[in-house]
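Please put together the full structure from these sequences, using the hints given.
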Amino acid sequence: MTTDAMDTFRAEADALVESLEAALLKLKDAPDDRDLIDAVFRDLHTLKGSGAMFGRQDIASFIHSFETAFEDVRAGHVAVDDVLVNISLAARDHVAALLADPSAGEGRAILADLSEHLSRALVGAAPDWRLQFYLPSDTLALGGRPEIVLDELRALGAWEVTAHLDRLPPLAAMDPTQFYLGWSARLPGDTPEDAIRDVFLFHDTGLDLTLARSDEGEAFVAPALPGVDAVSEADKPAAAPSSLMRVPSERLDDLMDRVGELVIAESRLVELAARIGDPGLVSVAEDIQRLATAMRDTTMSVRMTPIGAISGRFRRLVHDLSDTLGKPIDFVTEGEETELDKTVVDRLTEPLLHIIRNAADHGLEPAETRLAAGKSPAGTVRLAASYSGAEVLIVIEDDGRGLDGPAIRARAVERGLLSEGADLTDDEVFALIFEPGFSTASEVTELSGRGVGMDVVRRTIEDLRGVIEVSSEPGHGTRVTLRLPLTLAIIDGLLVEVANERFVIPLAAVDEIVELPAEHATDESGNAFLDIRDTLVPFLRLRRLLSSTGEPDPHQKVIVVTSGDGRIGLVVDRIIGTNQTVIKQLSPLHAGLKTFSGATILGDGAVALILDVPQLVSKGQSVTEQGRHAA
Amino acid sequence: MTATVLVVDDSPSVRQLVSNTLEASGYATFTASDGQEALDLSEGRRPDAVITDQNMPRLDGLGFCEAFRARPGNQGVPIIFLSTDDADTLKARARAAGAIGWMIKPFDQQKLLAVMGKVLPI
Numbered sequence: 001m002t003t004d005a006m007d008t009f010r011a012e013a014d015a016l017v018e019s020l021e022a023a024l025l026k027l028k029d030a031p032d033d034r035d036l037i038d039a040v041f042r043d044l045h046t047l048k049g050s051g052a053m054f055g056r057q058d059i060a061s062f063i064h065s066f067e068t069a070f071e072d073v074r075a076g077h078v079a080v081d082d083v084l085v086n087i088s089l090a091a092r093d094h095v096a097a098l099l100a101d102p103s104a105g106e107g108r109a110i111l112a113d114l115s116e117h118l119s120r121a122l123v124g125a126a127p128d129w130r131l132q133f134y135l136p137s138d139t140l141a142l143g144g145r146p147e148i149v150l151d152e153l154r155a156l157g158a159w160e161v162t163a164h165l166d167r168l169p170p171l172a173a174m175d176p177t178q179f180y181l182g183w184s185a186r187l188p189g190d191t192p193e194d195a196i197r198d199v200f201l202f203h204d205t206g207l208d209l210t211l212a213r214s215d216e217g218e219a220f221v222a223p224a225l226p227g228v229d230a231v232s233e234a235d236k237p238a239a240a241p242s243s244l245m246r247v248p249s250e251r252l253d254d255l256m257d258r259v260g261e262l263v264i265a266e267s268r269l270v271e272l273a274a275r276i277g278d279p280g281l282v283s284v285a286e287d288i289q290r291l292a293t294a295m296r297d298t299t300m301s302v303r304m305t306p307i308g309a310i311s312g313r314f315r316r317l318v319h320d321l322s323d324t325l326g327k328p329i330d331f332v333t334e335g336e337e338t339e340l341d342k343t344v345v346d347r348l349t350e351p352l353l354h355i356i357r358n359a360a361d362h363g364l365e366p367a368e369t370r371l372a373a374g375k376s377p378a379g380t381v382r383l384a385a386s387y388s389g390a391e392v393l394i395v396i397e398d399d400g401r402g403l404d405g406p407a408i409r410a411r412a413v414e415r416g417l418l419s420e421g422a423d424l425t426d427d428e429v430f431a432l433i434f435e436p437g438f439s440t441a442s443e444v445t446e447l448s449g450r451g452v453g454m455d456v457v458r459r460t461i462e463d464l465r466g467v468i469e470v471s472s473e474p475g476h477g478t479r480v481t482l483r484l485p486l487t488l489a490i491i492d493g494l495l496v497e498v499a500n501e502r503f504v505i506p507l508a509a510v511d512e513i514v515e516l517p518a519e520h521a522t523d524e525s526g527n528a529f530l531d532i533r534d535t536l537v538p539f540l541r542l543r544r545l546l547s548s549t550g551e552p553d554p555h556q557k558v559i560v561v562t563s564g565d566g567r568i569g570l571v572v573d574r575i576i577g578t579n580q581t582v583i584k585q586l587s588p589l590h591a592g593l594k595t596f597s598g599a600t601i602l603g604d605g606a607v608a609l610i611l612d613v614p615q616l617v618s619k620g621q622s623v624t625e626q627g628r629h630a631a
Numbered sequence: 001m002t003a004t005v006l007v008v009d010d011s012p013s014v015r016q017l018v019s020n021t022l023e024a025s026g027y028a029t030f031t032a033s034d035g036q037e038a039l040d041l042s043e044g045r046r047p048d049a050v051i052t053d054q055n056m057p058r059l060d061g062l063g064f065c066e067a068f069r070a071r072p073g074n075q076g077v078p079i080i081f082l083s084t085d086d087a088d089t090l091k092a093r094a095r096a097a098g099a100i101g102w103m104i105k106p107f108d109q110q111k112l113l114a115v116m117g118k119v120l121p122i
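Order-wise, the sequence lines are chains A and B.
When you line the first sequence up against the numbering used here, it's residues 1 to 631, in that order.
When you line the second sequence up against the numbering used here, it's residues 1 to 122, in that order.
In case anyone wonders, no lab produced these hints; they're calculated from the structure.
Backbone N, C-alpha and C fix where the C-beta goes; we use that ideal spot for every residue, glycine too.
Where hints are given, some of them may not hold.
Derived coverage of chain B by chain A (criterion: at least 3 residues anywhere in the stretch with Cβ under 8 Å from a Cβ of chain A; other residues may be distant) [what the hints assert, rightly or not]:
1. 76-86
2. 95-102
3. 109-119
So this is what it looks like as structure tokens:
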């Protein structure tokens, strides 16, 4: 067995174990969802198969026993409940352990638990129902709705629902007002017969119905037209993702690096072609420019990963926390399909785990307290992701007790982070929880650690060029908002010139560009406001910010940029144009810089710094605040 | 569009009970006190379903059912009988006249809603 294939197996198995976990956790909330049960089965089956093929007989035989035990669940003999989900999760963990370390044991205890639970649940279980029916031919004319019949059967837990077209007459003989279809299905054995017959309440006249226990002989004719069966998902061969490929992420990183270099080389080529002025060369350069742009877009889309890829871990975390803390917790996710660069998604996992853990541990009150406060006993933690311009917004919200402002303030003073009586807004007080070494939990729990954390969270988010904010309403909950750039690698930039130096502003942040009015041109009083269509926008002079000397351009421009709710103008000398900006991280030595988020190499080989818009906006906003205080 | 049910019964109390129950669950209703009135009303406003009594003055349920079905555009509108009668011959005649179902009075509200759900989900 080659190492390559082995790696692929490992990657596949890890993905399956993860998907298994996700399905099990969802099953907990929707125990009757056949698709989920089928999904669990499919994952087990694939794992078993590939495990055996790669010489992991231990995994295969463990899963085989697990699968066998689960067979009754799939057949509808055993209902899914919390106990079953927990045992199954333990089994899933064991498989994960076996994958990591073949000596993890046979997991007999887990299998014993499982079969014991199932045998208890199985007592008295009746064999399945087999049902076959053809609705009366006047069904439609009388206003009957066959789809409602099927919906009701599904609600009863029907599976193997198969359409029968054998009574369809030849097209020429078909009367469009008549109904010719029939179905067969299986139903859980514990469904009362009356409930099944009730489904056909309005179709009893002229109904052709056969209902029998599955062990009561063969009362059924095979459907006449094979190949039209509405087969349930699990009966299909395990989804053959011929159109999907698993690729190690390093290769994508390599690809992205090379595309980055290509974009840089391309801009040099374009510049060179423009200088030489040969029409043939210019046209080739334009072609290459177009191709490079397309290639950049494709490469970036390949790197985009949905947030849903990591939300399974959060679901598990909340499930475990709910158990450990003895608090019922609902975990709600929205916008799981929102995509971010893979690097961002990967690096987000830890911070999000931490925030969610905090929400569940500190944010949500125990059930009794919640009841006393008139809330539902189960707390809710919500994770919502959405697009907002060139940023992705991730909100983690709980409906717990909210942050305790005075306690945070007191703790901050005690820790020397704040002077007594400092004048802070609520949000500024809340933001103190991101300061290093801060923790207000009156009892430090095993789960939420010891006050290292939120500062690390903030640092990680800022490393990703993101912004983290917290807001809270006492008694109603806390909301942490993350704003992250869509991608880390290449952006569309606006190239500007300040005092003969070139800088890049991310184009997505640019709102509009206006000329600096003459009355502000030589205003040396520092920062001021600009009246843009009756809105006052504070502006920063980049010349001043960068301590540039020399005469400013006579026609300075103001670039209005936004970040979050903030909006400021940046005064530059000249606008050069847009360019594709391959972001190069600054060295650790410069990581502390607040004004720049990175650097890029221009077509002529020169380096341009990329302005950090969120930082500049918050700087501009604080200028506004000072202005207000002074006024 | 709210699903609209025409309730036909010569007893004002039954009419009121049925329409209140349906309206509380989100259906819209309009009522008629006999088959003839129901026919006249349904000319101007096509219901999505009909619940009708059998024994009524002027025009009974069966008569209404036949006349209603005979009109163009009324195919496929489910008609349910709500009656104290339980004779199989009557049920068969109702079916032949174009009714999809037969419910026995007295009924409870849950049952009525369950029955409506089978022909006209909200």
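Each hint, compared with the structure:
1. 76-86: Answer holds; 5 residues pass the 8 Å Cβ test.
2. 95-102: holds (count 5)
3. 109-119: holds (count 4)
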